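Colleague: Sequence:
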Amino acid sequence: MNWAVAARLGTISGALALSACMMPYDGGYEPAPPPAYSDMESPDLYAFIDRADSLWEAIGDAPPDYAFAFDGAEPWAWELQDGQRIVVEETQDGIQSYYFSPEDRGPFLAVRPGMSFGFEGETVAVVYGPDGGALPREAGAAHLGEGAELYARGRALLRAMLQSQRREVDSQAWIDTGPIIWGSVALWDFGWQRHPGWGHHRDSVRDAGWRHRLTAERLRRQALAEQFRRWREGGFQGPPPGRFHRPGDGHGPGIGRPGRPDGPNGRPGTDRPHQPGQHGRPPGAQPGRPRQPDAGQPGSRPWRGGWRP
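Read in order, the letters of the sequence shown are residues -17 to -1, 1 to 292 in mature numbering (1 follows the signal peptide of the UniProt record, and there is no 0).
Think of the hints as simulated: they come from the structure by calculation, not from any bench.
These figures come from a predicted structure and were not determined experimentally.
Here a beta-carbon is modelled for each residue, glycine too, at the ideal position from N, C-alpha and C.
Per label pair, the in silico range of CB-to-CB distance:
1) Gln220 x Pro119: 51 to 57 Å
2) Gln210 x Gln75: 32 to 38 Å
3) Gly231 x Pro85: 33 to 39 Å
4) Gly66 x Ala122: 30 to 36 Å
5) Ser187 x Gln75: 34 to 40 Å
6) Thr74 x Pro223: 26 to 32 Å
7) Gly231 x Arg120: 47 to 53 Å
8) Arg149 x Pro14: 25 to 31 Å
9) Gly104 x Glu216: 43 to 49 Å
10) Arg229 x His183: 45 to 51 Å
With the hints as extra help, turn the sequences into a complete structure.
Modeller: Okay, here's the thing in structure tokens:
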């Protein structure tokens, strides 16, 4: 199945990474920016969300690079070699994700179940619906306050990621939660086919070049996904292929899931949130048991040729 979307990470410089490990997150909070649109409408409404989609396209089903402490939980992070970053956290409403360019102080896209926000600086440039379709500015205006709050939270998450020591990801939590993340992003596959403006952006020379530059990252992530698959199928024997710990080897409060502490015995709580983006499910799509993160071809889109949300 085809794949895309636009606006969602990589490698921090050695000095920055070292300082990040040595500086504890100070927990400082900056107020949200004013709930207003940016002064100038973006000439390409789909640049933000399609860029984020291209990052997931490169990551495929590769697991997170690490976890970090934030607000009593442990969000997950993926860092691409060019400096792009994705941070995922689980909230009571579902999975939320944030997308960062290398030098940004805040996200260029923030996604919560059913809605996404693209940012010019710290102000909202465009509001997207469940499948990534750009809402008219009049309709999106009702959600500007929420967009501002998500920007502020994304900014705080980025600060915590840079200032906190990197932690191991619970492998079982990733196996459980990965399909939920993919279910959220998979809706965008329908979106770019449904909305002509998005399809035109995908077909542009500039966008094709952007995706081509992620080829090396895609190959690297395919290898990482394959290593995790083999480690899991081998019963988690031997050294973990990255910053992971074996199921049941949690070592602190909040270990495991990217946003909420685990339930009894380290398993996800019974109040597991609904699948992100289930509101506005495409016609004919049926919910069901998603495939496991390591099924199918390593590094390919997890939903290609498999389940759909």
